[in-house]
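*Asks:* From first to last, the protein sequence lines are chains P and G. Using our numbering, the first residue of the first sequence is number 7, and each one after it goes up by one. Using our numbering, the first residue of the second sequence is number 3, and each one after it goes up by one.
No false leads were mixed into what you were given.
Partner residues are not named here, just some residues of chain P that face chain G (Cβ under 10 Å, in silico): (1) S43; (2) I75; (3) K162; (4) T197; (5) D200; (6) Y216; (7) I220.
Hints listed in this document are in silico derivations from the structure and should not be mistaken for laboratory results. Note that CB positions come from ideal geometry on N, CA and C, so glycine has one too.
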Amino acid sequence: MLNASTLIRLGSIAAIAAAAVFGTAAQATDITGAGSSFVYPVLSKWSASYAEKTGNKLNYQSVGSGAGIAQIKEGTIDFGASDAPMKAEDLAKFGLGQFPVVVGGIVPVVNITGVQAGQLKLDGATLGDIFLGKITNWNDPKIAALNAGLALPAGKITVVHRSDGSGTSFNFTNYLSKVNPEWADKVKFGTSVDWPSGVGGKGNEGVSQYVRQIKGSIGYVEYAYAVKNKISWINLKNAAGAFVAPSAETFAAAAATADWASAKDFNLIMTNAPGANAWPITATTWVILYKQPKNAEHTKVAFDFFKWALENGQQQAASLDYVALPPALVKNIEAYWTSEFKH
Amino acid sequence: MQANDGVTAPGMIQEQRARRDARDDRLFGWLLKLCALLVLAALLGAAGATLWGGREAFGHFGLGFLASSAWDPGSDTYGALVPVYGTLVTSAIALLIAVPVSFGVAVYLSEVAPRWLRTPVASAIELLAGIPSIIYGMWGLFVFAPFFADHIKPWLTNYLGDKPDDGKLSWVAAHVPFVGKLFGSDSPFGASVLAAGIVLAVMIIPFISSVMREVFQTVPTRLKESAYALGSSTWEVVWDIVLPYTRSAVIGGIFLGLGRALGETMAVTFVLGNAMQLSPSLLDPGASIASTIANQFSEAAGMQKSALMALAFLLFVVTFIVLLIARLMLRRLAHKEGR
Chain P
7 MLNASTLIRL GSIAAIAAAA VFGTAAQATD ITGAGSSFVY PVLSKWSASY AEKTGNKLNY
67 QSVGSGAGIA QIKEGTIDFG ASDAPMKAED LAKFGLGQFP VVVGGIVPVV NITGVQAGQL
127 KLDGATLGDI FLGKITNWND PKIAALNAGL ALPAGKITVV HRSDGSGTSF NFTNYLSKVN
187 PEWADKVKFG TSVDWPSGVG GKGNEGVSQY VRQIKGSIGY VEYAYAVKNK ISWINLKNAA
247 GAFVAPSAET FAAAAATADW ASAKDFNLIM TNAPGANAWP ITATTWVILY KQPKNAEHTK
307 VAFDFFKWAL ENGQQQAASL DYVALPPALV KNIEAYWTSE FKH
Chain G
3 MQANDGVTAP GMIQEQRARR DARDDRLFGW LLKLCALLVL AALLGAAGAT LWGGREAFGH
63 FGLGFLASSA WDPGSDTYGA LVPVYGTLVT SAIALLIAVP VSFGVAVYLS EVAPRWLRTP
123 VASAIELLAG IPSIIYGMWG LFVFAPFFAD HIKPWLTNYL GDKPDDGKLS WVAAHVPFVG
183 KLFGSDSPFG ASVLAAGIVL AVMIIPFISS VMREVFQTVP TRLKESAYAL GSSTWEVVWD
243 IVLPYTRSAV IGGIFLGLGR ALGETMAVTF VLGNAMQLSP SLLDPGASIA STIANQFSEA
303 AGMQKSALMA LAFLLFVVTF IVLLIARLML RRLAHKEGR
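Taking the hints into account, I'd like the entire structure generated from these sequences.
*Replies:* Below, the structure written as structure tokens:
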């Protein structure tokens with residue numbers, strides 16, 4: 007039978023056990039972040055290596071950029087991560103600062119009989135017209151004009167887009183808004199938009215699944231998903247007028263040629279970057295922190311983590327098909343830290 | 003003294019006991035009342051919170067929110083017509099398929115199947131009811147939607163739809179109104195309102211059939227035996243004896259399944275196609291209330307978030323109306339039987 011004294015004894019044992027478990031963990035500083043799912047794989051890889059080195063753990067919740075911004079505004083987490091930059095006035099209002107951490111590419115993918123990865127070439131205006139539902143057949147003269155020598159079958163085009171709100175959609179629609187005036191006018195850009203045509207798949211895996219299932223479909227996914235699922239990506243004409251293939255080099259070229267120096271608070275969406283070898287739909291994720299830290303110790307660890315990641319995390323990023331920031335940009339960011347943040 | 007004690011003590015003890023029992027009973031009554039009130043408070047709280055969250059959308063769009071088919075985060079215009087329509091139609095398709103099949107399963111298991119088969123099949127159905135909906139969603143996306151697109155959809159569009167591949171309208175599409183529109187589609191993908199309805203049907207069959215089976219077993223054997231003795235076939239026994247005897251419980255089971263279908267989220271999100279467009283065709287992609295919320299909530303802010311909250315409140319309203327209809331039906335039946 008349980009009586010009072012056994013209860014007390016049990017309670018004290020539990021308390022000692024809890025102290026033993028939590029006591030060891032409390033020696034290292036655990037920092038918490040939340041937001042973008044785009045950056046989640048590379049953040050978790052970085053945090054594993056970083057924990058090995060320093061013992062400090064990073065707990066990241068991949069809840070979506072909007073939720074990440076909301077949580078950092080409420081101050082419930084140490085840093086937020088968002089696929090869309092916050093506006094300078096919003097940052098000022100909440101006393102926040104932001105900087106990019108890693109670069110990734112978004113690639114249009116197709117499923118056309120007889121067309122291999124990298125064979126189909128499109129420019130932004132044509133891609134926009136396809137997603138607007140204005141070009142409905144693969145043998146459309148506009149597509150043929152860009153693809154001399156490639157035999158395209160006469161088949162209906164099925165557009166596949168993301169059904170959930172996402173940073174991938176944000177960057178993709180941002181690119182279309184820059185290169186296709188009708189898109190900019192009718193659909194605009196955002197994490198979710200009113201898609202003029204097609205079917206929506208949930209997540210990168212949903213879109214890649216639909217594209218693989220549906221003959222004649224075109225969708226867009228993060229580069230890593232196209233590689234992993236062996237879906238045919240296409241080449242795109244960039245702002246400099248050259249056709250480029252998605253790869254680590256072209257993503258890096260986009261990040262390097264984007265005009266970061268004149269962007270206040272790194273508020274720059276790098277789609278349609280000007281470089282001769284730049285992949286036009288290149289994206290980054292911004293990390294958002296308080297300029298006046300609410301918890302000095304945690305913020306110090308957070309900065310130490312991002313400094314380590316930006317300077318030493320290239321290899322982990324590359325193994326997941328992300329691209330580390332170019333060294334010049336890392337210098338910019340570190341200068342921004344010393345001038346803007348108290349830590 | 004001792005003799006006195008012997009007389010009064012049992013009386014006092016009895017009285018004490020009676021008083022204690024009365025107090026315990028009262029306490030127990032309060033405890034039960036608290037449990038029941040907790041459910042009510044949770045329901046009102048959830049409904050109130052969604053209404054409060056959706057106040058901006060309701061205030062801004064007014065009644066137009068219910069009638070508008072626009073869902074455009076770009077210009078911040080939202081309407082609930084497409085998701086509400088999608089929710090109602092997918093659930094209706096699910097019921098249309100699930101009710102007869104579940105009835106068949108239940109009748110087979112309680113009347114026809116050999117005794118050794120009943121328990122294993124009944125446990126299999128209960129297992130099926132326990133599968134998480136995300137598994138149904140994955141199955142729908144990877145297995146059912148491609149199969150539907152390759153084998154079922156072409157047949158439906160060609161023989162019943164108004165946009166057949168060879169351009170020749172079938173007799174049905176040409177002569178029966180609406181059927182052509184219902185099955186006409188020029189999109190080649192499997193994800194659609196009909197596919198979602200079928201996956202939902204598979205999901206709710208275990209619920210409905212296990213309720214039906216349980217209540218069919220409560221029918222007194224002597225009623226059934228009497229009917230058989232009078233020369234009734236199995237069908238006549240089921241239709242004229244078993245079903246009338248269990249009617250209200252059967253309807254209750256059906257509405258339990260319907261409630262699940264209306265609120266189902268993950269499975270539907272994977273096979274519905276998630277297109278915010280109003281199409282009369284069952285073979286075109288659509289959207290449901292729950293799938294729209296699941297898709298957009300994490301990245302939504304401002305008016306979009308409010309519109310999603312308003313949608314959640316509408317789901318409450320839709321479910322409430324459905325349950326109300328169930329109640330009315332049951333009352334009418336009881337009335338008829340009492341006459």
